[in-house]
Amino acid sequence: KLNNLSASAFADEIGVQRSSVSHILSGRNKPSLDFVIKVLNRFPNVSSDWLLLGKTDVTNVKQEPENKQKGSDVVKLTNVNNSQNTENKANEQNVDTNVNSNASKKEIKKIVIFYSDGTFEPYESTKS
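Quick note, the numbering used here runs 164 ahead of the 1-based positions in the sequence shown.
By construction, these hints were calculated from the structure, which means they are not laboratory data. Errors might be hidden in some of the hints.
Claimed, not checked - Ranges of calculated distance between the beta carbons of each label pair, as one might list FRET restraints:
hint	residue 1	residue 2	range
1	GLU288	ALA173	34 to 42 Å
2	TYR279	GLY179	17 to 25 Å
3	ALA173	GLU271	45 to 53 Å
4	ASN209	TYR279	25 to 33 Å
5	ALA173	LYS269	20 to 28 Å
6	LYS269	SER170	45 to 53 Å
As the list claims (entries may be wrong) - Below 27 Å or equal to it, Euclidean Cα-Cα: the simulated DSS-like pairs (lysine-lysine) are:
hint	residue 1	residue 2
7	LYS270	LYS291
8	LYS269	LYS291
9	LYS194	LYS273
10	LYS291	LYS273
11	LYS194	LYS274
12	LYS202	LYS219
13	LYS291	LYS274
14	LYS219	LYS194
Keep in mind that this is a model prediction, so the values were computed, not measured. The C-beta atom is built at its ideal place from N, Cα and C for all residues, glycine as well.
Throw the hints in and build the complete structure from the sequences for me.
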């Protein structure tokens with residue numbers, strides 16, 4: 165709607181089949197990752213947060229100042245105090261321990277492999 169395109173013109177614009185757009189608009193199918201990537205690549209002003217989550221505005225309003233130096237963020241990160249680094253490493257170790265203890269209680273039920281040609285193969289666990 166933002167660019168006043170019909171569904172078929174939009175499909176042509178992003179390089180997908182017209183039926184794909186029709187099925188998504190009707191609610192029959194959900195957009196695939198490939199579809200979302202094509203939309204974001206073709207329309208870089210569309211907010212990925214809006215497209216994926218429905219949050220924020222439809223367009224990206226955040227613009228980088230032209231006079232900002234690209235390396236300035238790197239300098240800020242490298243000037244971090246050693247005591248902060250030690251504290252962060254201790255916190256990371258605690259997080260890793262918690263994640264591992266929770267992960268040991270979980271079992272994989274199903275894995276789905278998606279191929280670039282749009283096909284997929286589901287693999288389900290034989291354990292009960």
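For each hint, the structure was consulted:
In this structure the supplied range 34 to 42 Å holds for GLU288 paired with ALA173, their Cβ-Cβ distance being about 41 Å. Under the hint 17 to 25 Å, the C-beta atoms of TYR279 and GLY179, about 19 Å apart, fit the expected range. Our hint of 45 to 53 Å for ALA173 and GLU271 holds, since their Cβ atoms are close to 47 Å apart. Restraint check, ASN209 to TYR279: a C-beta distance of roughly 31 Å satisfies the suggested window 25 to 33 Å.
Between ALA173 and LYS269 the beta carbon distance is about 50 Å. The supplied range of 20 to 28 Å is therefore violated. For LYS269 paired with SER170, a C-beta distance near 51 Å keeps the hint of 45 to 53 Å intact. Of the supplied pair hints, the one linking LYS270 and LYS291 holds, its CA atoms being roughly 13 Å apart against a limit of 27 Å. Distance hint between LYS269 and LYS291 is fulfilled; the C-alpha atoms sit about 14 Å from each other, no more than 27 Å.
Restraint check for LYS194 and LYS273: satisfied, since their Cα atoms lie roughly 23 Å apart, inside the 27 Å limit. Under the criterion of a C-alpha separation no larger than 27 Å, the hint pairing LYS291 with LYS273 is consistent with the structure, at around 8 Å. Our distance criterion of 27 Å between C-alpha atoms is met by LYS194 and LYS274, whose separation comes to about 20 Å. Distance check on the hinted pair: LYS202 and LYS219 sit about 20 Å apart at the alpha-carbon level, within 27 Å; holds.
Simply put, LYS291 and LYS274 have alpha-carbon atoms about 11 Å apart, close enough for the 27 Å limit, and the pair holds. A distance of roughly 18 Å separates the Cα atoms of LYS219 and LYS194; the hinted pair therefore holds under the 27 Å criterion.
In this structure, only the earlier hint numbered 5 is contradicted, and the remaining ones agree with it.
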